[in-house]
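Asker: Each chain, letter by letter, is given below.
2 protein chains.
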Amino acid sequence: MGIKVHGTKVSMCTMRVLAALYEKGIDFELVNVDMATGEHKKPPYLSLNPFGQLPAFEDGDLKLFESRAIAQYIAYAYADKGNPLVVQDVKKMAIVTVWMQVEALQFEAAAARLAWELAYKPMFGMETDVAVVEEHEAKLAKVLDIFESRLTESKYLGGDTFTLADLNHLPIIKLIYNTRAGKLFEARSHVKAWCDDIQARPAWQKVIS
Amino acid sequence: MGIKVHGTKVSMCTMRVLAALYEKGIDFELVNVDMATGEHKKPPYLSLNPFGQLPAFEDGDLKLFESRAIAQYIAYAYADKGNPLVVQDVKKMAIVTVWMQVEALQFEAAAARLAWELAYKPMFGMETDVAVVEEHEAKLAKVLDIFESRLTESKYLGGDTFTLADLNHLPIIKLIYNTRAGKLFEARSHVKAWCDDIQARPAWQKVIS
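As given, the protein sequences belong to chains A and B, one line each in that order.
Quick note: the numbering used here has the first sequence finishing at residue 209, numbered continuously throughout.
Quick note: the numbering used here has the second sequence finishing at residue 209, numbered continuously throughout.
Read the hints as simulated data drawn from the structure, not as lab findings.
Don't take each hint at face value.
Since copy identity is lost for identical chains, a pair holds within one copy or between any two.
[Unchecked claim] Here are the simulated BS3-like cross-link-like pairs (lysine-lysine), alpha carbons at most 27 angstroms apart as the crow flies:
id, residue 1, residue 2
1, Lys63, Lys183
2, Lys63, Lys121
3, Lys206, Lys42
4, Lys4, Lys192
5, Lys41, Lys139
6, Lys91, Lys9
7, Lys91, Lys63
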């Protein structure tokens, strides 16, 4: 049976799941989903993810979707393998969970649109909307101000160790760090150090290789 | 020390945290935050939630924000009290987590704007934007089609028992169920039965009383 990831390395959310798998050193099969032909919007893919989004995930009989839920499953189900991505203490894990929520709801709201405008649109030969970029850069700057403050208190967002609260940010950071939005990260010394640190992780290097 | 919730019963995210506390039967103090004077956008509140959003939460020395992270902490830290809101089995919990993510990222994206247009704006004497309502009703209908299908397989979104995957939906459902958007829930028999079931829970009745 084994683990199957249905997705593509171009998809941010697929990258998130691959990062968790490489951190754990778990074997898996990447089953390519052809977005160009809309394979993700048709059966049989819709039986794996009814929202028609990438990725979907199988571990034997278990079928999951939503990349953050998949990464969290990998962290708990394979707790004894590779690098820990969660913490055991309930109060410490609550802090990690706060910053996982911040990523999903605050960071993503500002940065995912920048990834679309600054990375995907040029990739597809589409024109970037500069007004939208400026609006979302302003939003991202406010979020990163809070990250800068947080990262003066602890090395990672969730605490002293690397966790899903950091990992979940990697795909968007990868996409926009080398665009005009990269200056927002570079202008904040703790945020920059954090980005450099988490992007240098061997597991992440495998994802982007 | 005890548990303090900084927020107001008008805030959807505060309601989510109160629902979890009442399910667990835990004593707490609701510390009112005066949104009308912008108390949530100034110190000292910003030291509790740097994003200036409601609610914030204290349990002794532990300080948390992001309502879904708080509800999850309550579920794990007080696992032995009141009604269970999570499940122990890692694979079953992964399914619960999928639907928690669906609530936060898919349902909220469609429905929170409807809550604003159809519930909060009338409350504040502002005019509802019908075009925005129609756009988001169409989005919500697609999400609820997937819920309807899911709820033919299991009584609750996360599985056979009530969990955070259901609870987290309650505040928005409460706000829009008795508006024009209510027809979207009522038109889907399994969704309607699920809404009726979870809204009738004694803990939720305490929140809205």
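Asker: Any of the earlier hints contradicted here, and which numbers?
Answerer: Checked against the structure, the hints that fail are numbers 1, 2, 3 and 4, while the rest are satisfied.
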